[in-house]
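Undergrad: Sequence:
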Amino acid sequence: KILQDKIENIFNDINHAIFNEEHVDLQHIYIDGSKFEANANKYTQVWKKATEKFRYKLYEKITAEIEEINAEIAWSGVQITTNTEYVPDYLNEIVEQLV
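Start counting the sequence shown at 2; every next residue gets the next number (this note's numbering).
One or more of the hints may lead you astray.
[Unchecked claim] Derived lysine to aspartate or glutamate pairs resembling EDC-like cross-links, with alpha carbons at most 20 angstroms apart:
| id | residue 1 | residue 2 |
| --- | --- | --- |
| 1 | K49 | E68 |
| 2 | K54 | E66 |
| 3 | K62 | E73 |
| 4 | K62 | E94 |
| 5 | K50 | E86 |
| 6 | K50 | E61 |
| 7 | K49 | E66 |
| 8 | K58 | E86 |
| 9 | K49 | E86 |
| 10 | K58 | E68 |
| 11 | K54 | E86 |
| 12 | K62 | E23 |
| 13 | K62 | E86 |
[Claimed, not checked] Computed beta-carbon distance windows for the label pairs:
| id | residue 1 | residue 2 | range |
| --- | --- | --- | --- |
| 14 | L4 | F55 | 36 to 42 angstroms |
| 15 | W76 | E53 | 18 to 24 angstroms |
| 16 | I74 | I11 | 32 to 38 angstroms |
| 17 | Q80 | K54 | 26 to 32 angstroms |
These are calculated hints, taken from the structure and not from any lab test. All C-beta atoms in this analysis are idealised placements derived from N, C-alpha and C, irrespective of residue type, glycine included.
Model the full structure from these sequences, guided by the hints.
TA: Following this line, the structure appears as structure tokens:
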């Protein structure tokens, strides 16, 4: 119990130092899917294939939604361009145009 408390205090101190010095905010989550192994500094990217597959499925869903929106607003003469990949800024532009 005592050791657990000390480890937790060390962890909290390290986090506090990182937040103060690196100006890290807790509003963003970063996921890279790396798995580091203890043997000879080897590492494998376990989730790389899965995250890429998910990303492209998400792009397909976004494209389908944009095509559906285009069908709904075709009467206005406005058409949203579809892409193979999307960045958040572009999606925000679409939302601002539609609102």
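Undergrad: Now tell me, hint by hint, if it's right for this structure.
TA: For each hint, the structure was consulted:
{"no.": "1", "hint": "K49 with E68", "verdict": "violated, 29 angstroms"}
{"no.": "2", "hint": "K54 with E66", "verdict": "holds, 19 angstroms"}
{"no.": "3", "hint": "K62 with E73", "verdict": "holds, 17 angstroms"}
{"no.": "4", "hint": "K62 with E94", "verdict": "holds, 18 angstroms"}
{"no.": "5", "hint": "K50 with E86", "verdict": "holds, 17 angstroms"}
{"no.": "6", "hint": "K50 with E61", "verdict": "holds, 17 angstroms"}
{"no.": "7", "hint": "K49 with E66", "verdict": "violated, 26 angstroms"}
{"no.": "8", "hint": "K58 with E86", "verdict": "holds, 10 angstroms"}
{"no.": "9", "hint": "K49 with E86", "verdict": "holds, 17 angstroms"}
{"no.": "10", "hint": "K58 with E68", "verdict": "holds, 15 angstroms"}
{"no.": "11", "hint": "K54 with E86", "verdict": "holds, 13 angstroms"}
{"no.": "12", "hint": "K62 with E23", "verdict": "violated, 36 angstroms"}
{"no.": "13", "hint": "K62 with E86", "verdict": "holds, 11 angstroms"}
{"no.": "14", "hint": "L4 with F55: 36 to 42 angstroms", "verdict": "holds, 39 angstroms"}
{"no.": "15", "hint": "W76 with E53: 18 to 24 angstroms", "verdict": "violated, 38 angstroms"}
{"no.": "16", "hint": "I74 with I11: 32 to 38 angstroms", "verdict": "violated, 57 angstroms"}
{"no.": "17", "hint": "Q80 with K54: 26 to 32 angstroms", "verdict": "holds, 29 angstroms"}
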